[in-house]
Amino acid sequence: MNSKKILIVDDNADIRLGLHLRLKANQYDTFFAADAFAGVAEARKHRPDLIILDLGLPAGDGFTVMERLKQIPFLAVIPIIVISARDGLGNQKRAYEAGAKAFLQKPVNDAELLAVIRQALGEPAGTKSPTLYDQGSV
Amino acid sequence: MREKPLQVLLVEDNAGDVRLLREMFSKERRDAFELTHLLRMSEAETHLAKGGVDIVLLDLGLPDGHGLDTVRRAHAAAPEVPVIVLTGLDDEALAAEAMIAGAQDYLIKGQIENRALPRALRHAIERHRLQTETDLIRTNQMQFKDEFLSHVSHELRSPLTAVRQFVTILRDGLAGELNLEQRQYLDIVLRNVNQLQSMINDLFEVSGLQAGKLKIELQCTSISDAIIYTANTLQGSAAAKGIIFSSDIEPTLPSVCADPARLRQILIILVDNAIKFTPTHGTVKIQARIFEEDSDFLLLEIADSGCGIDPDMTEQIFERLFQASDPDSADRSGLGLGLYICKDLVTRQGGKLWAKSTPGLGSVFSVTFPIFSLPRLLAPGFTEERQTERPITLIVTEIGSQTGWLSNEVRAEQCRGIRDLLRGCLYSDLDVLLPKMDSAGPTELFFIVANTDGIGGASICTRIRKQLDSSERLQQAGLTHSASYRSLDAIKRNATESKEDFLERVTTGIQELMNEEISARQAKNE
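Chains as they are written, first to last, in numbering that gives the first Met the number 0: chain A, 0 to 137; chain B, 0 to 525.
No lab work stands behind these hints, which were simulated from the structure alone.
Take these hints with a grain of salt, some might be off.
In silico BS3-like pairs for lysine-lysine, Cα to Cα no more than 27 Å straight-line [to be verified]:
1. Lys240/B with Lys355/B
2. Lys23/A with Lys92/A
3. Lys284/B with Lys351/B
4. Lys49/B with Lys3/B
5. Lys351/B with Lys435/B
6. Lys92/A with Lys435/B
7. Lys465/B with Lys92/A
8. Lys44/A with Lys23/A
9. Lys92/A with Lys144/B
Quick caveat: nothing in here was measured; it's all calculated off a predicted structure.
Please construct the entire structure, taking both the sequences and the accompanying hints into account.
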């Protein structure tokens, strides 16, 4: 089976584990980084198909990660989904300008996250039946 | 008392008045005041801008400045320096206005009692200092409150994220099969997590409302869609309480001019509230129709059979942090921000929100929204002298994506910038960039109605292409664009036709062209 690889960059270990369990259940392979520096290093090492990126990180922040990845040609093309607890208005704009494919507000709705991942990976919607509870809560 | 002499700037062109004032100062201790005298407002402005002045004595009738204008100019040149105006005996009304314009005090020439001058100066300075300090404290407090709210809601979101993740992981059986009871309990946890989440969002929203950061993008919006969305979202919680939730929408309802996301948000808050305050087996009903009192508006009514509102309270409920006072009548699960946010959102979209109630029998919340009307948008271009025969061109700009698919996020993010660009491409003030119309499937369409013929249309298209080509933002986002135009044949106004009928006929023509453009794209998508 050819599973897509997803790198999770978040300084909160619980959230990393939670995302891992949810993504694993949807047949994705996951890798982790807990700070901005490790985020870039792990991306280099594993060359993931997609990166889920938190904005508030030690050793820089999500924007630093995006900036550094952009300078490395084979990493610049990886789609990035930003997930943040920060205020959406200004940060959302900044994230898109920095090249993010999507900006999701924490706490993230699983259905939305999986849909966004599928879109970013160019997988047709509905190829996998996602295991999830909430469908588009408000 | 301070050691340094007070720097007093006297701006006065009447030699007699200057002499009198100098005399008064000469009676004071020599090191208490230092007087600078200038004749003109322009000189005073330059002097004030240099700084070092403690207080200004200002005549309101200078050769190059008169009345309140001089006060405003002094204030603009040095906002931190208090001003006392000098007026004649018959000018007290003007002096009072000067106080409103920012002067600290006024002195009537010839009526200044012995030794009153230094006291007036010191009082004015002290009052000004206190006022500045209070303003500063208030600004700091507001800023602190906004930062605090923003910080708190941010910090609350992270742990809530983890709670939500793991509850849903358990609930979905990713960590093993659950029995019915376990599943029910997790549903309860999740319901409460959702409630907490919406409270945190309210906090964020309110700090945004106050900082004026809120984005509202008005467009042609279907009320029925918003009602159906609301019904789907809240049907479950109504059913859980045994409440009958129904909607009654006239089938031919016109669209409104509103932000669709905000419209849904408003309806959800109102219906959610209605469900919350209605006892088991009650009813909640949502109705929409043209507003009887003003046919330019659509009226939405959300009626419940709940506990009702005290008639004295029907306005207070929209205030910030208002909570239902009777704890038995409702589960108090909100922060008291919902209706406040709602009212603000409705007002910003040009509508009104109010409540009527019969205590014990239920309440009706009424919201109005301006009806979306193409003739009204185009009316400014139909001035009397230009209405007999006119060429009109519809310019269509299409924004798509290299991937063939445009996400809602990208749409929301890019549209505003594109609108600004397009607006810059118009030739005439009478050309109209229309608000967003119905969705055209995988792409985003922008329509311009221009008062020009085909040649003019072609040249606007060229401008648009040039502008969009040079937009880095579009390229970064991987967006594609195209611009085309379609001319309506010059439409003549019939001799017997009224201006309104003529406008209506032109609008219908434009609408038909737009519909063709939209359905062509929708067909391509299918």
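Quick rundown of the hints versus the structure:
no. : hint                   : result
1   : Lys240/B with Lys355/B : holds (24 Å)
2   : Lys23/A with Lys92/A   : violated (30 Å)
3   : Lys284/B with Lys351/B : holds (19 Å)
4   : Lys49/B with Lys3/B    : holds (18 Å)
5   : Lys351/B with Lys435/B : holds (23 Å)
6   : Lys92/A with Lys435/B  : holds (21 Å)
7   : Lys465/B with Lys92/A  : holds (24 Å)
8   : Lys44/A with Lys23/A   : holds (20 Å)
9   : Lys92/A with Lys144/B  : holds (24 Å)
Hint 2 from the earlier list is the only one contradicted by this structure; the remaining hints agree with it.
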